[in-house]
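Chemist: Sequence:
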Amino acid sequence: RQGDYAEAAHLHGRAVAADPGFAAGWCNLGIACTDLGRYADGAAALDRALTLDPDDARTRFNRAVLYFLMGDLAAGWPMYEARLAFQAMATPPGQRWNGDALAGARVLLIPEQGFGDVIQFARFAPRVRDRGGVPVLAVPGVLTALMAAQGWDVEIADADNPPEAPLWCPVMSLGAVLGLTAEDISGAAYLRAPTADTREGAGPRIGLAWSGNPTHRRDRARSLRLDDLAPLFNVPGVRFVNLQVGLRPDDAAEIARRPDLFAETPGLGSFADTAA
Numbered sequence: 001r002q003g004d005y006a007e008a009a010h011l012h013g014r015a016v017a018a019d020p021g022f023a024a025g026w027c028n029l030g031i032a033c034t035d036l037g038r039y040a041d042g043a044a045a046l047d048r049a050l051t052l053d054p055d056d057a058r059t060r061f062n063r064a065v066l067y068f069l070m071g072d073l074a075a076g077w078p079m080y081e082a083r084l085a086f087q088a089m090a091t092p093p094g095q096r097w098n099g100d101a102l103a104g105a106r107v108l109l110i111p112e113q114g115f116g117d118v119i120q121f122a123r124f125a126p127r128v129r130d131r132g133g134v135p136v137l138a139v140p141g142v143l144t145a146l147m148a149a150q151g152w153d154v155e156i157a158d159a160d161n162p163p164e165a166p167l168w169c170p171v172m173s174l175g176a177v178l179g180l181t182a183e184d185i186s187g188a189a190y191l192r193a194p195t196a197d198t199r200e201g202a203g204p205r206i207g208l209a210w211s212g213n214p215t216h217r218r219d220r221a222r223s224l225r226l227d228d229l230a231p232l233f234n235v236p237g238v239r240f241v242n243l244q245v246g247l248r249p250d251d252a253a254e255i256a257r258r259p260d261l262f263a264e265t266p267g268l269g270s271f272a273d274t275a276a
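Heads up: the sequence shown begins at 1 in our numbering, then just goes up one per residue.
FYI, nobody ran anything at the bench for these hints, they're computed from the structure.
Be aware that a few hints might be false.
Derived Cβ-Cβ restraints for the label pairs, each shown as a range [unchecked claim]:
| id | residue 1 | residue 2 | range |
| --- | --- | --- | --- |
| 1 | 130 | 87 | 23 to 29 Å |
| 2 | 116 | 184 | 19 to 25 Å |
| 3 | 204 | 116 | 39 to 45 Å |
| 4 | 36 | 99 | 32 to 38 Å |
| 5 | 14 | 117 | 20 to 26 Å |
| 6 | 210 | 103 | 42 to 48 Å |
| 7 | 205 | 95 | 17 to 23 Å |
| 8 | 21 | 78 | 38 to 44 Å |
| 9 | 37 | 153 | 24 to 30 Å |
| 10 | 252 | 188 | 33 to 39 Å |
| 11 | 257 | 71 | 18 to 24 Å |
We treat Cβ as the ideally placed atom computed from N, Cα and C, and that holds for glycine.
Put together the whole structure using the sequences plus the hints.
Modeler: Shown next, in the form of structure tokens:
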């Protein structure tokens, strides 16, 4: 919780040295090593934990994350399903789709976790048609306009009132269900702003959003302070746009000290506004 991964690795290293059968200790050591960028050490520790407790969902989840970081998606996807053991999710009617040929059946893709996770995995929704199905992507209301603007052959639905379908699948399980590899993921941009809302102007416009949900358990590792970005502010010829939703007190004070920092602070009602 304090973000001291080096100390965590040291202490858990001592713990497993004293008790080599301590599966949770090996798991925690693996997590700390991963956060330190010591991927080989992290993999060795997590694999040791799995040898001791093969079905532990937390260990399997963190091993999946490390596989992803190391570029091995094929090994990571099956273990990433362990997230469902500790993730609250409403199960819709129908059967869960496991990747079988669909013969025209509709598949409801249900959102998970945060907005960014849905945006990241929504790109795979059109691939349901490759299996002969009709994808129905359910998203939170603030994502509806952005998803509808992509021109995908995908039905977009409101996650709060999704339509019924004979089959369903968590959107973040599409990688496993479709067997996707790194080669299947293009490096090109896959999202576009609604054309009518695209804003133009002279010079490059750089949108900045520097912090996430302050109540997230890993907020320390996910969020910055605005003044952490100060080296960027001296780049000539660039206009910055404030895309941050919700200012923390220190950031509000920093903006007050730099009244000319942002060329625009648009009103953001949805992620389509952010994209524009």
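Chemist: Taking each numbered hint in turn, which are not upheld by the structure, reported in ascending numerical order?
Modeler: 3, 5, 7, 8, 9, 11
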